[in-house]
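Starting from the structure of chain A, add chain B where the hints point.
Residue numbers (our numbering), protein chains in the order written: chain A, 951 to 1343; chain B, 3 to 168.
If you are wondering where the hints come from, they were derived from the structure by calculation, not from laboratory data. Beta carbons: idealized from backbone N, C-alpha and C, even for Gly. Careful, some of the hints might be misleading.
What the hints assert, rightly or not - Using C-beta positions, here's what the derived DEER-type ranges look like:
(1) R1331(A) / G163(B): 50 to 56 Å
(2) E161(B) / N1064(A): 39 to 45 Å
(3) E1330(A) / R88(B): 48 to 54 Å
(4) K972(A) / E96(B): 50 to 56 Å
(5) E1330(A) / Y52(B): 55 to 61 Å
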Amino acid sequence: MIDYSTKINPTLKNIKPSGIRKFFDIANELEDVISLSVGEPDFHTPWHIREEGIYSLEKGRTRYTPNKGFIKLREEISAYLKRKFSLEYSPQKEVLVTVGGSEAIDLCIRALINKGDEVLIPEPSFVCYVPITQMAGGVHVTIKTTAENKFKLMVEDLEKAVTDKTKLLVLPYPNNPTGGIMERDELKAVADFIVKHDLIVLSDEIYAELTYTGHRHVSIAELPGMKERTVIVNGFSKSHSMTGWRMGYAVGPAEIISPMTKLHQFAIMSAPTMSQYAAIEALRNGDEDIEKMRSEYDMRRRLIVDGLNKMGLTCFEPEGAFYVFPSIKSTGLSSAEFCEKLIYSKGVAVVPGDAFGESGEGFVRISYCYSINHITEALERMQAFIKELKEGK
Amino acid sequence: MEKKKEKLLNILSENAQLSNEQLSVMIDESLDFVKEAKKEFEKEGIIKGYKTLVNWEKFGKATASAIIELKVTPQRNTGFDEIAARIMEFPEVEFVYLMSGGFDLAVMVNAATMADVAMFVAKRLAPIGGILSTATHFVLTRYKDGGKVFANDEEEIDERGSNLCD
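Same shape as in the complex, but just chain A:
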């Protein structure tokens, strides 16, 4: 008998499994569950993009691409970032095509973080930054954000957390799960902090296309002195409804993109070829698709925020991504209790906020990647649930 527990990397073994998994298992066992829990678009990839993927297969274009991705795709990414966010990156040296944004995050952290290096990670946020930091031997330092501050990153908090070991700040805005965004003047303050302490920023901008309140996304790399200190991670999953294609990218200083490419070539070789063809089409002819989907998300966002406020769950108005993050503190329940009761009594699945870090306790994440009818029914069920809670049933 092999004792596998002695074989597995202890750092990996000690990484806590996420609490969401258990919760999804419940959801899968019950019948008539209506979910508001997923984190990916409900739209199909627009047909002209799918068709380009199909063509590439038909033509037998099924070989490896260059490690960094097709130069044509890198040129399109560069042109897109210029067109949308006034960012300038050299397709030859500063763009790396990856297997989803997730790979780019992993590469960036592993390329930068050495044993004992500290990484500042805002919370609540996407679940991967902490474990990747741990695997790299780094130390994660969480920076709590609050509903009172619209879940924005406050420089005072950063100043309290920074040490001489700090190397990297993860900047995940527009934010999953809160829907918070960072505006230009707020980023300016963060930029000054970064320069002052000689840090690097990993800016996860996967939701950059999905902002709603008239504040278009601003990348921190656009601010003076920041391009040389920023690695931007972005991709096609959320903007073009292309989650399953696994298409992401990183852009940044050649001096960081180059070692990231080194890691990428050993682990991955190159991102999927057909997906790269589809991605080229997405960037060439997909701007309208983005607008259509964004406008649809915006209407759903309004419906959900309105519905939640009406049932007495205070809800900070999310300005980006496709989640709302209402407080459930008025019910007196913990996030996990709220979600369990809700799913057992009404069959509505939402995600407990503490799955995204301790500071998410007292909140739940509700996704609006669902049709209006679906959302309407879920809201009705939730309203009945809240009413019953209040009546003490």
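What follows is chain B alone, placed relative to chain A:
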């Protein structure tokens, strides 16, 4: 305002079932704005009606439809309008389009059976003065209608699941 009105029309053209309350939240305007705009659209004939797209075949009710190409002699002063007006009065007629190209009017006719459609063409359409010829094309399968896919028996399953890496 005009933009919001266009948005309202866009939403309604996709889903006429939404309540005025929902619409007002979705476009971020007052309830009165939505009510007034709808009333105005109806009055001006911009909104022509609210109906449900039914897949009758799936319900088990057989129907027959045909697109009929008509060649007609345009009338002095009124052109094609007069003939079109006569044709569109029939309740069997779903649409009448004036076309460019090899024929003049395209008419969609719905009836209970193919024979009924044929009878309608022979007895009602063909004898109208000014109609030179008819060519009847029966619909065999409705793959997509009213912007919605009909010929798909597989229910779409939401495969999205519990990936943490969202």
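Evaluation of the provided hints:
A beta carbon spacing of about 21 Å between R1331(A) and G163(B) contradicts the range 50 to 56 Å that was offered as a hint. At about 40 Å, the CB distance of E161(B) to N1064(A) agrees with the hint of 39 to 45 Å. In this structure, E1330(A) and R88(B) meet the distance hint of 48 to 54 Å, their C-beta atoms being roughly 49 Å apart. Restraint check, K972(A) to E96(B): a C-beta distance of roughly 54 Å satisfies the suggested window 50 to 56 Å.
Range check, E1330(A) to Y52(B): about 22 Å between beta-carbon atoms, so the 55 to 61 Å window is missed.
Violated hints for the displayed structure, listed by number in ascending order: 1 and 5.
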